[in-house]
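2 protein chains.
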Amino acid sequence: MRKTFKIKASDSHSSARTGIIHTPHGFIETPAFAPVASQGTVKGLPHSLLQTLGAQLILINSYHLYLRPGLETISRLGGIHSFISWQKPILSDSGGFQIYSLSPLVKVKKEGVEFTSHLDGEKIFLSPEDVTDIQIKLGSDIIMALDHFLPFPSSEEKMKEAVNLTTHWAQRSKAYFLQHHSPQLLWGISQGSVYWNLRKQSIEDLLEIEFDGYALGGLGIGEPKSQLEETIERADSLLPKDKPRYLMGIGFISDIIEAVERGIDLFDCVLPTRNARNGTLFTSKGKIVIKNVKYAQDQRPLDEDCSCYTCKNFSRAYLRHLYERQEISSAILNTIHNLHFYLDIFRKIRQAIQSNSYHRLKYSIIKKKEE
Amino acid sequence: MRKTFKIKASDSHSSARTGIIHTPHGFIETPAFAPVASQGTVKGLPHSLLQTLGAQLILINSYHLYLRPGLETISRLGGIHSFISWQKPILSDSGGFQIYSLSPLVKVKKEGVEFTSHLDGEKIFLSPEDVTDIQIKLGSDIIMALDHFLPFPSSEEKMKEAVNLTTHWAQRSKAYFLQHHSPQLLWGISQGSVYWNLRKQSIEDLLEIEFDGYALGGLGIGEPKSQLEETIERADSLLPKDKPRYLMGIGFISDIIEAVERGIDLFDCVLPTRNARNGTLFTSKGKIVIKNVKYAQDQRPLDEDCSCYTCKNFSRAYLRHLYERQEISSAILNTIHNLHFYLDIFRKIRQAIQSNSYHRLKYSIIKKKEE
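If you read the protein sequences in the order shown, they are chains A and B.
Quick note on numbering: the first sequence equals residues 1 to 371 in this note's numbering.
Quick note on numbering: the second sequence equals residues 1001 to 1371 in this note's numbering.
Keep in mind the hints are simulated off the structure, nothing from the lab.
C-beta: ideal position from N, C-alpha, C; glycine also.
Careful, some of the hints might be misleading.
[What the hints assert, rightly or not] Partial chain B-side listing against chain A, Cβ under 8 Å, derived:
| no. | residue |
| --- | --- |
| 1 | Met1001 |
| 2 | Lys1003 |
| 3 | Leu1071 |
| 4 | Thr1073 |
| 5 | Tyr1176 |
| 6 | His1180 |
| 7 | Gln1299 |
| 8 | Arg1300 |
| 9 | Arg1325 |
| 10 | Ser1329 |
| 11 | Ile1345 |
[To be verified] Derived, one-sided and incomplete: chain A residues facing chain B with beta-carbon distance under 7 Å:
| no. | residue |
| --- | --- |
| 12 | Thr41 |
| 13 | Thr73 |
| 14 | Ser75 |
| 15 | Gly79 |
| 16 | His81 |
| 17 | Ile84 |
| 18 | Trp196 |
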């Protein structure tokens, strides 16, 4: 198995580590956060501003891009990097989550998943091979194997079936991927919710198949925090140290801090960008809901400790005005701030692990939020 | 009368000239285009990108900002430049146009204008002194006196009354302004539509009162092009060369080219920004309606001759995709392009006048559009 991940430093008090994921479009320093660019753009930000913020990679959505503009268009335009003019690493979501959450009619069979497009009701069938093929053709750097995602809570019996199907699909995804000798990375997704026996089985199945990286899927959807943390901790002891681990869709800073401590390397979430558009801003002192009338004449920046363009130039009063007027600039300036906040925390996380002071950082972040 | 305008070069074949308007927040090289920032932001662009495009000034809307967030808030936050964090020149529209076009109920009296807010139906009365006072307090660099605006067509009789009222209000605006010893510039607006006898009277009245600059208002709202051009041409012979002239709200490039030739120095219009958001892009070869299916796989930039960020990085196919997905990035990238297109033409206009080759530029622009 080729090596696409290298650990640079490990925390001596926990499983936190920094490392480098090598991809066809350059490397990603971990722990890393992938801003979500479902349709090939981070909502509210042109790529130039996203790069200024230090984003190392973005996450695109195979499901959305497969439906529109379609694979043919993206292929003709030279693949996803060329189509969207983003030359850094791109991770593509398999689309499993979107199929289950957006499609009005889904039939899951052993062969694959049959669903109706949420756009026009067209009936579509996708096998795990199809989903792998779509991502090979998109040309994303990290391909996610199709998994079977269930809501929380689901019965142990149903979850067992989902895990078995996920394993079966993972095998087929890997077999298909191997035929194509692609320099792309293929990562597997484990399921099993917080049933440890099932999560364990799922991870062990994936390990046997061998992937370039391992994701924990189906989490952050309502299960108790303690069980989430326990699952990550147990997974940490099961997963090989020399492969990157990805906790899908989880975006609360408090969860991220705990997950990094338990050996997670990669995160993605719509939280910073969606909240920005809804006027909820993250700061080192807690959340700001900018539409609140108490900010109408507040001359201070969102966060006095923040060095982003928004905080260096604009008052809460102006940001509130833009939000209330539904100006596009509101979404832009808020997104700059929230993404800067996230990417900056990840920079601090990497530095802290490097200097073996992760615990100090952890408690300073938690303490600041409680002040 | 203080001098706030200086001519740098005059075209030998026409009335086109380049000059400099000095304002409390720096100078404006003319002919200049003011992007519209009604609510204190150009729609779709953070200030940093607007400055990269070379915008010299922006136009804000007294009416909108007076209603929300209100004068008190803006004053407390240090005036309009401080509130919106834009340190270059700002021109404030008097709000006359908005009162007549947005308010459901308007009563025009000699004393001023009574109207109901389009937001909450509140009854508001504003005298020309009030409107001047609002702009003094906003702290904009160029203040426009309140005028009486009529739709096109209006009868000669009604227009005569509007001109008389505009003169009366202009006198009172000037008198009020003089009491405040402000370094701001006060410009007057002439009315009279394309009735030359009335427009002439209106201009002569304003000249007698003396302003720092003279605007032609009530044009570009349906009158025939030939009559528009004739009105500007005749106004040119009446207005002193050493004062700046402003053709309000007119934004078609073809009109701008003709107006510069007839001695106009300043323009503003929502056209480039509004069209950008609606997916209509200006190029040196004519308009592009980006949603058109023929661009779905078009790898070319919007305009091969354009050096803007959008054209240097993105294909028509990607821009169409963003527009179709209603991504905020669509508005941003399109606005960058359209504003660059406008501001670039104004740079070329100034260079051409400077090198006494305005006619060559004029015909190259007209010819390119016809190709």
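Exercise for the section: Could you check the structure against the hints above and give me the numbers of any it violates, in ascending order? Expected result: 1, 2, 3, 5, 6, 8, 11, 14, 15, 16, 18
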